[in-house]
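Residue strings, one per chain:
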Amino acid sequence: MAEMKVGEVIRQPLPQAVNGTKSTPKQEFWRKFKKQKMALAAGFFVVILFILGIIGPFIAPFGAAEFDYDHILEGPSAAHWAGTDAYGRDIFSRILIGTRLSLFVSLLSVFLGSVGGTILGLISGYYGKWIDNLIMRFCDILFAFPGILLAIGIIAILGPGLGNVVIAISIFSVPIFARIVRSSTLQVKATVYVEATRSIGAKPRRIIWKHIFPGTLSSIIVNFTMRLGTAILTAASLSFLGLGAQPPSPEWGAMLSGGRDYLNNAPHVTFFPGLAIFLTVLAFNLFGDGLRDALDPKIKD
Amino acid sequence: MAEKILEIKNLQTHFTSDSGVVKAVDGVTITVNKGETVGVVGESGCGKSVTSLSVMRLLKDTPGKIVGGTIEFEGKNLEAISEKEMRLIRGNEIAMIFQEPMTSLNPVYKIGRQIAEAVQLHLKYDKRQAREHAINMLKLVGIPRAEEIVDEFPYQLSGGMRQRVMIAMAMACKPKLLIADEPTTALDVTIQAQILDLMRKLSKEGDTAIMLITHDLGVVAEMCDRVVVMYAGKVVEEADVFTIFENPKHPYTEGLLYSVPKLGQKVDRLDSIPGNVPTPSNMPEGCKFAPRCPKVMDICRQQDPDLLLIDKEHTCRCWLYQNSEVLEV
Amino acid sequence: MLKYFLKRLIGIIPILFFVSIFIFLFVHMIPGDPARLVAGQDASLADVQAVQRELGLDKPLYTQYAEFVKNIVQGDFGLSLKTKRPVFDEIAARFMPTFWLTFWSMIWAVLFGLVVGVFSATKRNKWQDYLGMFGAVSGISLPSFWLGLMLIQLFAVNLGWLPTGGMDSWKSYILPSITLGAGVAAVIARFSRSSLMEVMKEDYIRTGRAKGLKENKVVWGHALKNSMIPVVTMAGLQFGFLLGGSIVIETVFSWPGLGRLLIDSVSFRDYPVIQAEMLLFALEFILINLFVDLLYGVLNPQIRYE
Numbered sequence: 001m002a003e004m005k006v007g008e009v010i011r012q013p014l015p016q017a018v019n020g021t022k023s024t025p026k027q028e029f030w031r032k033f034k035k036q037k038m039a040l041a042a043g044f045f046v047v048i049l050f051i052l053g054i055i056g057p058f059i060a061p062f063g064a065a066e067f068d069y070d071h072i073l074e075g076p077s078a079a080h081w082a083g084t085d086a087y088g089r090d091i092f093s094r095i096l097i098g099t100r101l102s103l104f105v106s107l108l109s110v111f112l113g114s115v116g117g118t119i120l121g122l123i124s125g126y127y128g129k130w131i132d133n134l135i136m137r138f139c140d141i142l143f144a145f146p147g148i149l150l151a152i153g154i155i156a157i158l159g160p161g162l163g164n165v166v167i168a169i170s171i172f173s174v175p176i177f178a179r180i181v182r183s184s185t186l187q188v189k190a191t192v193y194v195e196a197t198r199s200i201g202a203k204p205r206r207i208i209w210k211h212i213f214p215g216t217l218s219s220i221i222v223n224f225t226m227r228l229g230t231a232i233l234t235a236a237s238l239s240f241l242g243l244g245a246q247p248p249s250p251e252w253g254a255m256l257s258g259g260r261d262y263l264n265n266a267p268h269v270t271f272f273p274g275l276a277i278f279l280t281v282l283a284f285n286l287f288g289d290g291l292r293d294a295l296d297p298k299i300k301d
Numbered sequence: 001m002a003e004k005i006l007e008i009k010n011l012q013t014h015f016t017s018d019s020g021v022v023k024a025v026d027g028v029t030i031t032v033n034k035g036e037t038v039g040v041v042g043e044s045g046c047g048k049s050v051t052s053l054s055v056m057r058l059l060k061d062t063p064g065k066i067v068g069g070t071i072e073f074e075g076k077n078l079e080a081i082s083e084k085e086m087r088l089i090r091g092n093e094i095a096m097i098f099q100e101p102m103t104s105l106n107p108v109y110k111i112g113r114q115i116a117e118a119v120q121l122h123l124k125y126d127k128r129q130a131r132e133h134a135i136n137m138l139k140l141v142g143i144p145r146a147e148e149i150v151d152e153f154p155y156q157l158s159g160g161m162r163q164r165v166m167i168a169m170a171m172a173c174k175p176k177l178l179i180a181d182e183p184t185t186a187l188d189v190t191i192q193a194q195i196l197d198l199m200r201k202l203s204k205e206g207d208t209a210i211m212l213i214t215h216d217l218g219v220v221a222e223m224c225d226r227v228v229v230m231y232a233g234k235v236v237e238e239a240d241v242f243t244i245f246e247n248p249k250h251p252y253t254e255g256l257l258y259s260v261p262k263l264g265q266k267v268d269r270l271d272s273i274p275g276n277v278p279t280p281s282n283m284p285e286g287c288k289f290a291p292r293c294p295k296v297m298d299i300c301r302q303q304d305p306d307l308l309l310i311d312k313e314h315t316c317r318c319w320l321y322q323n324s325e326v327l328e329v
Numbered sequence: 001m002l003k004y005f006l007k008r009l010i011g012i013i014p015i016l017f018f019v020s021i022f023i024f025l026f027v028h029m030i031p032g033d034p035a036r037l038v039a040g041q042d043a044s045l046a047d048v049q050a051v052q053r054e055l056g057l058d059k060p061l062y063t064q065y066a067e068f069v070k071n072i073v074q075g076d077f078g079l080s081l082k083t084k085r086p087v088f089d090e091i092a093a094r095f096m097p098t099f100w101l102t103f104w105s106m107i108w109a110v111l112f113g114l115v116v117g118v119f120s121a122t123k124r125n126k127w128q129d130y131l132g133m134f135g136a137v138s139g140i141s142l143p144s145f146w147l148g149l150m151l152i153q154l155f156a157v158n159l160g161w162l163p164t165g166g167m168d169s170w171k172s173y174i175l176p177s178i179t180l181g182a183g184v185a186a187v188i189a190r191f192s193r194s195s196l197m198e199v200m201k202e203d204y205i206r207t208g209r210a211k212g213l214k215e216n217k218v219v220w221g222h223a224l225k226n227s228m229i230p231v232v233t234m235a236g237l238q239f240g241f242l243l244g245g246s247i248v249i250e251t252v253f254s255w256p257g258l259g260r261l262l263i264d265s266v267s268f269r270d271y272p273v274i275q276a277e278m279l280l281f282a283l284e285f286i287l288i289n290l291f292v293d294l295l296y297g298v299l300n301p302q303i304r305y306e
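Residue numbers (my numbering), protein chains in the order written: chain F, 1 to 301; chain W, 1 to 329; chain P, 1 to 306.
Keep in mind the hints are simulated off the structure, nothing from the lab.
One or more of the hints may lead you astray.
So the derived label-pair ranges between C-beta atoms look like this [as the list claims (entries may be wrong)]:
#, chain 1, residue 1, chain 2, residue 2, range
1, P, Asp168, W, Lys84, 49 to 55 Å
2, F, Tyr127, P, Pro14, 16 to 22 Å
3, P, Gln302, F, Asn133, 24 to 30 Å
4, F, Asn133, P, Val115, 38 to 44 Å
5, W, Pro63, F, Arg31, 15 to 21 Å
6, P, Asp168, F, Ser183, 46 to 52 Å
7, W, Ser158, P, Lys225, 20 to 26 Å
8, F, Arg137, P, Leu45, 38 to 44 Å
9, P, Asp168, F, Leu217, 49 to 55 Å
10, W, Asp306, F, Ser183, 55 to 61 Å
11, W, Gln129, P, Pro14, 52 to 58 Å
12, P, Gly135, W, Gln129, 45 to 51 Å
13, W, Glu147, F, Tyr127, 50 to 56 Å
Fair warning: this is a prediction, and the values are worked out from it, not measured in the lab.
Where a beta carbon is used, it is the ideal one built from N, C-alpha and C, also for glycine.
Go ahead and model the full structure; you've got the sequences and the hints to work with.
If you want it as structure tokens, here you go:
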């Protein structure tokens, strides 16, 4: 009989009282997540962002393309909270309206990437052998390029534009999800209950979707959230480089890029869109960290 | 009367967690005399390891805290001295061997360096002397090719060899007290005997007292002069080793003894103690052993018994002996 | 060790092979006829066919690939469509500026990240830890181009201490490398903190304390080296991130490196240059990872001696 180390004894959760109710995974998740004040606040901010993404254009005090040549490059004031740009457009309104673009681009691209990656990862992990080899070599190739370089390469082929940014980001998200899903598939596959299902003759497709996929779901969710932040950053970077959204689109990266020429006398034109990107990405990252700690403590950075 | 080297009096070590306080050690008194080997016996989670970590003040990084009692080493209160003074004692006057030889050595440093470290620190040897000393210690603990092993990494050694290294490391500064926390549990049976022989030899030669923490009564019989039996954070019985084996008083000690097979004894089945150790969050009222005790009485479920002196140097915490003299309240 | 080294070295060969196929096919994925692109929109059909023959586009694909590999091994990447100069020369002139920028960014980012991470781990759950980790998550969330522009605004425009861009003196390096390294420093800080905290739970840490070592010695002597093994791997992966980041940063700081050349080439559709740059970046990334693998072996005695 191996005695437990002191540390282990302490780390072990105390057993539930015999007559007490056993908490469901959902309650357990909520209990752990609630403890993380920062993640909770970030989650709240993310919810507000999504609401703004929907209603932004309706509550913005000015239109995205409302020119006002009497008030160009003005600093923040009561009328224009974040000042105006070189065409006299209200920067605050443009940021509000642009929220939808940033969220949509990142959600769509990470979604496409995660679907592709999950399917590849499940196949790779479940079937193994040559198909696993093939898929993993494919991932190795994509991994040989830094993400943004791959995106630039893809845009070099497809041409600039926000739609192509979505394609580029989803392509370089595929191998990331494929690897994560593959490794959790291998773990779940090794568990007894999958072995048992297999032994009673269930079809592979059924085993994958009914038994393995749910087991990998938590790591997919955590990584999905984390990738959203990265996707927003990448999309903004590409727009900043002139490869993504084109002016006069109120995309944050494109707005920032347009403000570069006025850095000397009107830094607010670059400051506020950048702040919006920063806060949004920060919220997604903090939220993702919280999810990870509450949902899947095994995943590290 | 022998000279006391370690005197733990009414030690209380509690762990604070999300769901409340766990009294891992709840009023433990243990005395170790000079050159003597004392066995501390009990099942997993009875608080014996926590007691040893409390003595070494190694509860850092755990939620554990000493909340009561005193620990005196050679008359010095270890709870009262500064961390700096404590460091001069750790590894020097009190050394410790742990259960897991496989993980207790640092994988990225050579064996010699890990032994020499303590030697340089406490004996103020220079690098060369410390290395010499490390080689000598390795020879002393019976490691072949000591001159080569000193430059090898832990992963190159087997578990038994690593435990020898741990012993060499612990004995390098000639400690007055060695705390061995399950030193043989992780090892093969044949290796166990060798390691125990080695510990006995070294303690005789260096006049080192040993506090041997174990759940293995075979080890106790072989090594110890005196035995302290612990259950659920408390001492339930203490006596010299012969008395414990020949004339155990506490039903728990009896249970432990009956669950060990004896050679030449014909029994149909081994008696085991029914039930499990109560979890800290689920402690029974009264005597902690009552739910599992074959001799349980009504009073056992209501009130925890005191530790009673039932014979010369034989104490027991049980209502069966309530007519004996009360040693401790 | 030698066996380990050889195994790693052989391991990159298939990756190199597939990457070269990928980059070779890259040009073929461009919509439209590459020969028409090279010859120009106004070229006659005969001219286009001439170009086709010249580029070997009329030959079967595998012959083209063999040619392609043969050429790049000899350092021949073709001519830039924009300058009509050899791509190799174009790139060679840009290589060192990017190398030094990424080098200095990596150095400060790893050192600074490590110090913050170790400090946070030793002050676990105290305000210093929270501050360090909030700083780190902010560092990860910062759009680098925005950070760069704000630093220019503050230190170059307002204070006038440092140049706004270009590569003239050591002062030119300060702002770009801070900007480029910030994200990596943040990742390293987070990772080394969690790695160190993981190691601090190990039994041998307790052994070190039981020897009477000072806590500082336990952390910096016994724990750090063990916790560095995964951090080194992480740092290697982050180097790819740096290479990617340099593309954006070079544009912000008008840095005469590979990244800006790439962006210029993409706007000009200068495919031979893009192709060569992608290959170079991938090669660099693969080599860095190889180097990291070897470093991992050096740190981990179990690999070093087997």
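For each hint, the structure was consulted:
no. : hint                            : verdict
1   : P:Asp168 / W:Lys84: 49 to 55 Å  : holds, 54 Å
2   : F:Tyr127 / P:Pro14: 16 to 22 Å  : holds, 21 Å
3   : P:Gln302 / F:Asn133: 24 to 30 Å : holds, 27 Å
4   : F:Asn133 / P:Val115: 38 to 44 Å : holds, 41 Å
5   : W:Pro63 / F:Arg31: 15 to 21 Å   : holds, 19 Å
6   : P:Asp168 / F:Ser183: 46 to 52 Å : holds, 48 Å
7   : W:Ser158 / P:Lys225: 20 to 26 Å : holds, 24 Å
8   : F:Arg137 / P:Leu45: 38 to 44 Å  : holds, 40 Å
9   : P:Asp168 / F:Leu217: 49 to 55 Å : holds, 54 Å
10  : W:Asp306 / F:Ser183: 55 to 61 Å : holds, 57 Å
11  : W:Gln129 / P:Pro14: 52 to 58 Å  : holds, 53 Å
12  : P:Gly135 / W:Gln129: 45 to 51 Å : holds, 46 Å
13  : W:Glu147 / F:Tyr127: 50 to 56 Å : holds, 53 Å
The structure shown violates none of the earlier numbered hints.
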